[in-house]
Amino acid sequence: MNPTVPPRWMEKMLKSLLPARNRDAVTGDLHEEFCEEKLPQMGATRARLWYLAHVLSFIPQRLTPFLSLLCFFTLTSGAWLGMMDLRLRHPGYAGRELIAGLIVGQAALTLTALHSRRLSWLRMLALVGCAGIVWLAVHALINTLSGAHLEGYVLLIAMGLLAQAALTVLILPGLDRQVVRRA
Amino acid sequence: MHTGRRNDEPAGKEIMDKTLINAYIVDMAALLGTFEQIVLLAVMATGDEAYGRAVLRTVQACLEPERNVSAGAVYSTLDRLEAEGLLSSRLEKGTAARGGRARRFYRLTMPGTSALTEARTTLDRMWCGASRATEVMQ
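Which chain is which? The protein sequence lines are A and B, in order.
Residue numbers for the first sequence, in the numbering used here: 11 to 193.
Residue numbers for the second sequence, in the numbering used here: 77 to 214.
Calculated from the structure, these hints are not laboratory results.
Hints may contain errors.
[Said to hold, decoys possible] What the simulated footprint calls covered on chain A by chain B, stretch by stretch (three residues with Cβ under 8 Å from a Cβ of chain B suffice, anywhere in the stretch; the number is not a length):
1) 69-77
2) 151-165
[Stated by the list, open to error] Simulated crosslink set (PhoX-like; lysine-lysine; CA at most 25 Å straight-line):
3) K48(A) to K25(A)
4) K169(B) to K22(A)
5) K169(B) to K25(A)
6) K22(A) to K48(A)
7) K48(A) to K169(B)
These numbers were taken from a predicted model, which means no experiment stands behind them.
Yeah, the Cβ is synthetic: ideal placement off N, Cα and C, and Gly gets one too.
This is chain B alone, in the form it adopts within the complex:
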C-alpha cells in the first residue's frame, strides 16, 4: 500500500504528519485563538475578583514587559467570549474610587472551561508530536 512516504524520508516526518492530522481533525474554527486563551486564563486566575481592570492587569502582567495590551482588545475579547457563552458576567455596585460606576465581574462557564481544555490538549498533542519527530530525526 502506498503510504505517501519516500524510503529516504525519516520516520519522524511520518509521526509528525500523523500528529498534525490528528490535531487538525478537531474543528479548527471552534478552537480558541491565543489571545482568547490568555483572556480566559486571566479570568480563571483572577477568580472572584475577575472584573475588567483586574483581567487587563493580569493579561499585562503575564506578557513580556515591552508589550502593551490595549483595553479595547481585552474588553472586545471579553464581550465576544461572553456572546459565545464561554464567559458569564454580572454587574456589581462601584466604589468611590471609580466614581461610583458599576463593576462587571466575569466568570468562566462550563463551555469556556471545555474550550480551554480542548485548546490545551490540541497544543500539547502538537508539542508532543513535534518533540518526538525531532528526537527520531536526531
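Just chain A, with the same shape it has in the complex:
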C-alpha cells in the first residue's frame, strides 16, 4: 500500500458511489486534498480516516433512488390493499383501511420530504412516521409467520416497510444534519 495516496479500495468505493458525470472531478479533488493538505497535517492514519469519512458521506445521495423506489412500492401496495378491502368488506375492514391509509400516507410523506429538501419539518414528520411503519411491519410479520397459512404478499409488504424505515432513518437526517455536523 502506498501511504502517500488514498487507499485504492476507498477510491474504488468512492467511484462506485458517484455518478459517472462527477467521478473524475470528485475523486481528483479529494485526492488532491488528501495528498497536499491532510497527509502532511494529520499523518497517514488520520488522513485515511478523513478520506473514508468523506467517502461515506456520499452514501445517502446514492441510496436516495432506492428509497424512492421502495416508497413507490409501499404506496402502491397500500393503495391496492385499501381498494381490495373496500371492495370485499370482510369483517374488520375498517381497521385494515386505516392501516392501508397509514402506509400510503407515510410513503407519500417520505417521498415529499425526500424531494422537497427545504422543508425540514416534513423530514422530522417522516422520521417519526418510521416508528409507526416499523411497528406495523413487525406486527404483520409476527402474525403472518405464526398464522395457519403464509400470506406472501403481507410478508413482502412488511419487508418493504422495514427496508423503507431503515433507509429513511439512514438518508433523511443526512439531508440536513450531516450537511454540517459537529466534529
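Given chain A, work out where chain B should sit, using these hints.
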C-alpha cells in the same frame, strides 16, 4: 375595523406581524436554504478558482472550527444548484497532483445571483422587522 390586535398588545407585535407577512409573500419553496446560500456564496467568493475542492475549503473555512462539512453534502448541493440553473460548470484538464483527473469549475449564473439577492433581501427584511419590534417593545 377589526385589526386583529388587542388594545393591551404592544405596537411592536403588529410591526413584526406585518414584516413577517410581507416576507412570506414571496414563494417560500423558491427561497434558498442556508446551506445552499453558503455554497453559492463560496462559489462567488472563490471566483475563477471555484472548483469542488476550493468550494469545500471555503465553506469549511467560513464555518465554526468544530463543524465539519462533508464532501457528499457540498457536491450534492453543487449538483442540485446546477440542475436548478443557479450554477453552471465546465470541465478542465487535471494536474499531476490529482492524478491527471479533470477539475469541474463552477460559476454563478444570473438566476443564481438573483436567488441569492432575494434570499438576502428577505432575511434583511426579517432582521429589520425583528429589531424594530424589539425597539418598540423596549
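Each hint tested on the structure:
no., hint, verdict
1, 69-77, "holds (count 3)"
2, 151-165, "violated (count 0)"
3, K48(A) to K25(A), "holds (20 Å)"
4, K169(B) to K22(A), "holds (21 Å)"
5, K169(B) to K25(A), "holds (19 Å)"
6, K22(A) to K48(A), "holds (19 Å)"
7, K48(A) to K169(B), "holds (23 Å)"
Violated hints amount to a single one, hint 2; each of the other numbered hints is respected by the structure.
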